[in-house]
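Undergrad: One line per chain: the protein sequences are A and L, in this order. Note that this note's numbering has the first sequence beginning at 153, numbered continuously upward. Note that this note's numbering has the second sequence beginning at 141, numbered continuously upward.
Source of the hints: derived by calculation from the structure; they are not laboratory data. Don't be surprised by glycine CBs; every beta carbon is placed ideally from N, CA and C.
Across the chosen pairs, the derived CB separations fall in these ranges:
(1) L:R212 - A:V229: 19 to 27 Å
(2) A:A218 - L:D326: 37 to 45 Å
(3) L:E375 - A:D228: 44 to 52 Å
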Amino acid sequence: MTNTLHRFGNAESFRDDFIVFAIASRGKNDEGALEKQRQFLKMAIPFGPVNLGDARNGGCLRPSKAMNPTNHWNRDVTPDFEAVVNGLQNITTVAAVFDNRLKAEQFLQAVRKVDLGLSINISTSIEGAEQCCHAAGIPRHSVGYSLGFEGKVEKLPNTQVLSLMTMCGHGMVAQSLAKKMIDWVKEGRRTPQQAATYMQRFCSCGVFNPARAVRILEDARHRST
Amino acid sequence: MRIDPNKCVACGNCTYVCPMGAIYIDPVIKRATVDRDECVECYSCYNGLSQEHLNPTVVRTMRKVFQTLRLRFDPEPDVCPTAAFAPEDLTWPRIVRRAFSDPRVPHESTGVEGRGTEEVKTNDVTGRVLVGEVGFTIEFGRPGVGVRFRDIDKMTRRLAQAGILFEKKNPITTLLKNQESGEIRDDILDEKIMSAIVEIKVPLARTEEVIRLVHQVEKEVDTVVVLGVGVRCDEQGEDSIVLPLLEKLGYHPQRAKTNTGLGRITNASAAAPAKPEPVGAGRS
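Let the sequences and hints guide you as you build the complete structure.
TA: What follows is the structure, encoded as structure tokens:
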């Protein structure tokens, strides 16, 4: 899963995008990992994440299989972090998404102290991750760089759509939905916050960053590129 | 995936949420329809749309009334009002579409969800990429384009010809006829999937060669490709070799996934990774 590595944007555009995630390796440190991952998720909540999720069940906003029709007028968009913690039933990848570096740094420091033994990664700009590690007193172990999109790039949409849809690296946020949400914000049919939550529900591992999406949608309201 | 025509009311919501653009309203039957050749079985429609369970006849009647009066109902865009999606029991070879497209389904070969790879995310525990080595992830189809195995086969063959071995704990590797030829099994070549990752590892000295080879093959495939480069940092947490090399080759990476090194082997039965298995050091 390179789900968060290939988000589209430059380093500046990742200023509000810090994903800290915990993963176990099969046969190496997966014994007892479920409870440790649950602890990781619980620990993240006080630090104010904008999303929290596991790779099997999704993030803090999820689709409903039995939606009440009245929800068209009064839909609850309150993030349910506790549901993410309680819904974790299998060892998987768990992630906490933060919209500023300080929160991510403080969370990383806290994770270091409890010594879960799981692999802990940060996905953000190269400099942002370096700064987080430095603040937590951790020398980086390994780095995976993204070299960007190549090949038939003419098949890709415009940069705003690309920025939104790549926040689910598994491709669950369709480019036509991202384009539609930009159009709806431009038309005034939905607020950027509402549009972000629609896309967020499609991200099935909970790493979509709604705060960054709102910023991109606000920007797209005034520009089309 | 199929859509039950008895339930569908042709609201069109699902046509926007399909990552492959494979759902359309059939003008003849006036129902949403899935283009089975383009559908990658990602289940984004089934899992991502909220579902109501309204009576289809009532909804169709209301929609006709609204249309006649030129009124526009403004429903939530991420809802299927009649729960019309009906997952199919997939069989081989079509089932590989779901394995490489629905991130909720763990790959049997690795036990990892998503694209089924660990890369350097667990390098602190596995020792997969050591100092002096470079790990590559070559991903096809991302974002939102999709790829057929036939295109991935072009890359794996060329890598094999160059004497590069493939990471064993990787879903694509399990679909190769053998490591030496890099050929992907014939019965899945026309299957389309959301994306897949080829993983290799080479000595540092072959970094430039691999990047140039990948760049060359990219021109022959009908999809997008994104390259990830994984390195082991030194004792001080620095990478003073690979990043400058990438910059010399004209790349200016902006984003990275950083392994903090907090992981350790805790399973009682697991041995320490003193001598990790060479996954792609090359035969030549």
